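Peer 1: Those protein sequence lines, which keep their order, are chains Y and H.
Quick note on my numbering: the first sequence kicks off at 1 and runs consecutively.
Quick note on my numbering: the second sequence kicks off at 10001 and runs consecutively.
Do not take every clue at face value.
Claimed, not checked - Only pairs whose alpha carbons sit at most 30 Å apart, straight line, appear in this in silico DSBU-like list of lysine-lysine:
id, chain 1, residue 1, chain 2, residue 2
1, H, K10301, Y, K311
2, Y, K396, H, K10301
3, H, K11001, Y, K311
4, Y, K195, H, K10626
5, H, K10301, Y, K195
6, H, K10990, Y, K195
Quick caveat, the hints were computed from the structure, so don't treat them as lab data.
Computed from a predicted model, the values in this text were never measured in an experiment.
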Amino acid sequence: MKIIIAIFCVAIGLNTFAQIETPAKKQTKKILLMNGFAHLGNGKIIENSVIAFEEGKLTIVANAKTIKLDMGRFDTVIRLEGKHVYPGIITPNSTIGITEIDAVKATRDYAELGMFKPHVRSIIAYNTESKITTTVRSNGVLLGQITPRGGRITGTSSIVQFDAWNWEDAVIKEDDGVHLNWAGMFNNRTGKENKKYAESITQLNTFFTNALAYSKDENYIEKNLRFEAMRGVFNGKKTLFIRANFVKEITEAINFSKRHKVSKMVIVGGYDSWMVADMLKENNIAVILKRVHSLPERQEDDVYLPYKLPKMLHDAGVLFCLENSGDMEAMGARNLPFYAGTATAYGIEKEAALSLITFNTAKILGIDKTCGSLEVGKDATLFISAGDALDMRTNKVTSAFIQGRLLDLDNHQEKLYRKYSKKYEE
Amino acid sequence: MKNIFLYILILVSFIAKAQETFIVNGTHNNNHNAFAFTNATIHIDYQTIIENGTLVIKDGKITAVGERVEIPKNAVIQNLKGKHLYPSLIDLYSDYGITKPVKAKTHRQGPQIETTTKGAYNWNQAIKPEVEAGQLFKVDDKKAAELRKLGFGTVLTHQQDGIMRGTSALVTLSNDQAQAVMLKDNVANHLSFNKGTSTQDYPGSLMGMIALLRQTYYDVDWMFNNNTVDEYNLSLNTIIDNWQMPQIFEANDKLSILRADKIGDEFEMQYMFKGKGDEYQRIKEIKATGGKLIIPINFPKAYEVTDPYNSLKISYSDVKNWELAPFNLGIIAKNEVDFSITASDLKDKKMFFKNLRRAIKSGLSEEDALKALTYSPANFINEYERVGSLAEGKLANFIITSENLFAEKNIIHENWIKGKQHVIADYNAIDIKGNYDLNLGKKIYKLKVTGELKKLKGSIEIIGTKDSKPDTNKVSVSVSLSGNLVSLSFNPKDDFEKGTIRLSGTITNNAGIWDGNGQLSNGDWIKWSAIKGKETPSKKKDNDTTKTDSLIIPRIQYPNMAYGLDSLPKSETILITNTTVWTSEKEGILKNTDVLIENGKIAQIVAHSGGMSVGEGVLIIDGKDKHLTAGIIDEHSHIAISRGVNECTQAVTSEVSISDVINSDDINIYRQLAGGVTASHLLHGSCNPVGGQSGIIKLKWGSAPDSMKIKDTPGFIKFALGENVKRAGWGSGYGNRFPQTRMGVEQVYYDAFIRAKEYEKKWAAYAKVPEKDRKSTPAPRIDLELETLNEIINSERFISCHSYQQGEINMLMHVADSMGFVVNTFTHILEGYKVADKMKKHGAGGSTFSDWWAYKFEVNDAIPHNGAIMHKQGIVTAFNSDDAEMGRRLNQEAAKAVKYGGLSEEEAWKFVTLNPAKLLHLDDKMGSIKVGKDADVVLWTDNPLSIYAKVEKTIIEGAVYFDIEKDQATQEANKKEKARIIEKMIKAKKGGAKTQEPNSKKPKLYHCDTVGE
């Protein structure tokens, strides 16, 4: 039995030797985390917890005071002394790994040519070597839904974990959803009504009608790649994510997916979704709420409306989670925990806010059997922070595990920090 | 009577053709008869009315006007009993008779750096003072007729193109030869903030236009005062020649009036301003300009608001402006600002009187309205001797109306211009509209005639039976009137006649009786007559856009938008008790402390246990469990800027200044107050190595731009390095502006500063020239660009330099060292951590982002620890936003200096308060809580670095600018106000008002690299 007082040492040790962060080996040893303040992600907490995992799965999540443990069973026991344990944060609707430097076209792989391209799959472009990923996971963001952009139907996303050699072993759920940008009723730039709105919707209807008809034949001989990619939307294997913010667009999107027998639809953006909360609930439609740290859409909106939207949706009983698309979305994903913090500042209880970036996200993305909370049987994808991870003032991630594998939390930025700190020490 | 009229018409047209200098083909047909208009209600001028007056005109001029006037024997007399006579209206803002210039199409990619105008003109294509409307003018009777219908007789016309547009010509709207129509050319000089058809790149922003105007005036001054200047410049010469003319400046909005006036003040020139109709929003400041106004009378249409969701898209300010716009003229008049009214911005000229009546219903007196259409415009261009009232010797420009000019039923019958009659609605015309009994033998039909004289419509009702039930059938009748002859045709399809009946007859008895013969479909002739019956009162639809219920002006908010204030907050004596005070001074963070604010300053900081006693009238705020800090200062912001953050067009644009284009109407000012920001450094963008000067403001929401500026503080200027400067992301078309590489950037700096130094030397040499030799020694030309660079060299202006990579940062410090100045601040400075030692040695500060990176190649090595490293190396370090959204969360961003790099909370907090104050040379009065400093403070609910902290109050100079409770109340009030006005819009629509579709256009958010307006 080896007892390591603080896992911090392990992390540092790795840093010293590794030049480039290397994916960790499969968990072989049995690990026990003692006395951490566990935030389970599902709304519950265990102030003094024991958390054990083997072969990548959680085996014990319990109260240290009530459980009897045979410590000898574990290869590694880590005493957390009140540090906080959280499930890995999930960034939905993200471009991590399919963009590197926004201004350099050669590094952008998120927007394929064309309007209707459900067959275009993000997973094969997902770059496990991205320097951005390592900076994001060192704030506790360990999973992401990698999502294409551009056009009406942007493509098919996949969900990955952020410690992998290549896209194949990164996959948590391949081809989980098709993403659709709902046509704007008003032109973004001129503010005028979009005269081509009806035409856009007709095109969409035509596409979906044909895709549905096509999907009725399991072995359609004359293959259509687009329609093939749409099968999952009708048979329950893929979720349809529709990006819409204006209340009428949201309403239209809901009716649209009902009409076309879409098995599972999620609203992305949803700035006005609180106005149609009942409709969302009736139809079991979840919302991936647009970036909390953003400006109000309308002059007269509450100046804090984007901060308050989580509370409003929460109170209305809508299932929702938080996302970070927009400017600087890939690298900014490391601030996802703070969006949950803002949700708390503006009315949601902390654990419920945590769910908005963990448990709820997993449910909405359909990966909650294995991810999103600290529950026995789920993946041991979690991180440890010295303080409250939802507040940048106290967020200090000391270690993180993905499927039981201890991550090297070093990154390009930390290396430069050390390099130049050293320069000035001399 | 009618014959007389026809006779006059013919005569007049003859007179008009007889231009003195022209040859005549045939015999001369002179007519020097006088015309006398008798028994009229004559509006001599805007304030004098005589009843039963007589006006006599001869040879195009008024010879007499009054109650008892001798009528010359040879006068043609027109009896105007019951009619009104007004001086015809004058519009000072017109492009009547001037062809609109068309922008040249170019196939060029990228910017056009030089002018395409050939000849000895100004270097900038938009400066065209040499254009003379008099030379371009052509009579355009179609356009003239449109304006004559409204009662206009004279307009001041100019070519509405460019920044300096040249002079205008005063012309009448008569259907005549140009030689008769033009009264005067070179009347006024015209300017605007609009490049028009200029294809030249510069100026690319409003601040660029302001700089261009200023430089042009300096150039004029230089030419004027130096005979020995070796440049012959027709444009500049013209400006000198036209200096004394009235100067009319088209300002795009209320704030641009203030901007233009500042230019005028600098050169001792008082412009007259053509406004936009929103002057009521800043009337106090506009009045203070001393400028006369030319105000359009186009009011926004009501919005289509029947769909409640769509109406979410209409901004609060648009809704407010819809309601208030009709009050604008009344408010201007009430404030005793001289103004004239123009029809120029009206797309639908028919709305002119409708809108004018709306303005009158909204507080504009009829007298003021008439004054603004006659006396004032004439007076503004010194032409009251000729036009603007009815007096002996003046031009015979007048209109005949059926009643008071502003009455809803009023009809303008005739518009006489220089003694030439233009009939608009013939008052002698027979009005046959009405209901008649049409008798055809024994058969009687009920005939109804409606419509206009030239488009009469008739109908009869046939009462019969259908399926043994009574049935009324309406049959249309074609009616036409020619002189006194009327003809009708219709097919009743009844028992009397199955085919068409055609009737012809004469009208007698003042249109009361018609009679004559007609033919039936079988060819039989028949006698007929029609007798006018009583008028049935028609249910009149109210077509006026909106009835205003009262003359009470709806609430104007400052600014007139959501969260705008009714009145500006006042500085109060405030005691904040028992709170945690982040002093950012050596005292550190003090718990259980009281802070007293007096006269806008921090007056006392004492322990709560000491128990400060204060007198009455002091606002006491309980600060228990709360945190009090100095207000956040954003070192790098682009909020509150009008029409462009970048003057991208040249590599060096130090002549432009953001402080000229501050926009006090940006909602983000309020939003940032709600995030604890009290001051912002508004920087030019990062388009060029030497950008423009900054504006530094306190976020005094509700104030006009000038009141927001921080006074008595050194100026700043933006420099920029890296990808934006070399136009990395601009595509291949933009390869023609130097520099394209970092290598070129260095040379731009050397070139600029070497030129600046030579410039300084020239002036120094000139200063030594003895007074007696001054005349023969040409003075150097004032160059605003180089003046500004010398301010930098002389430490009167400081640099904030957009920068990323260490190499170029080092380069600029070398340039600065060798040129003898210090780079005050490197802003963004994301590789500052790599050269922190060099920066420290040079004496530069750093204002960086907390954790941005990877958005450009040059920020690939940006690290969030940057701030901490720079700080540890002794550099004054700040975090800035460069972003309206992040600007309101800078407190949280400061916490990232704790998270990344492990600074103490106290030091991290200084990154957004004291340190930016130091970088801006404002730390003697701002940035910390210290007795004697400005009372710019924020009360937080929690540790200000925490994500859980919220702003309760933001105080600037002792005045509460943001209060969380008041904010909620304002929001509620705004909601009600919008709903109230929307209700009014719905009523307006029901009343027949035209509507427009909702528009969700949002003001543009600027970043460093935003190009264009």
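Peer 1: It remains to establish, for every hint, whether it holds in the given structure.
Peer 2: We went through each hint and held it up to the structure:
A threshold of 30 Å between alpha carbons decides the hint, and for K10301 of chain H with K311 of chain Y the separation of about 38 Å lies outside it, so the pair is violated. Proximity of K396 of chain Y to K10301 of chain H is assessed by CA-CA distance (about 56 Å); at most 30 Å being required, the pair is judged violated. This hinted pair checks out: K11001 of chain H and K311 of chain Y have alpha carbons roughly 28 Å apart, not beyond 30 Å. A distance of roughly 52 Å separates the Cα atoms of K195 of chain Y and K10626 of chain H; the hinted pair therefore is violated under the 30 Å criterion.
A threshold of 30 Å between alpha carbons decides the hint, and for K10301 of chain H with K195 of chain Y the separation of about 20 Å falls inside it, so the pair holds. For the hint linking K10990 of chain H to K195 of chain Y, the alpha-carbon distance of about 25 Å falls within 30 Å, and the restraint holds.
Of the numbered hints listed earlier, those contradicted by the structure are 1, 2, 4.
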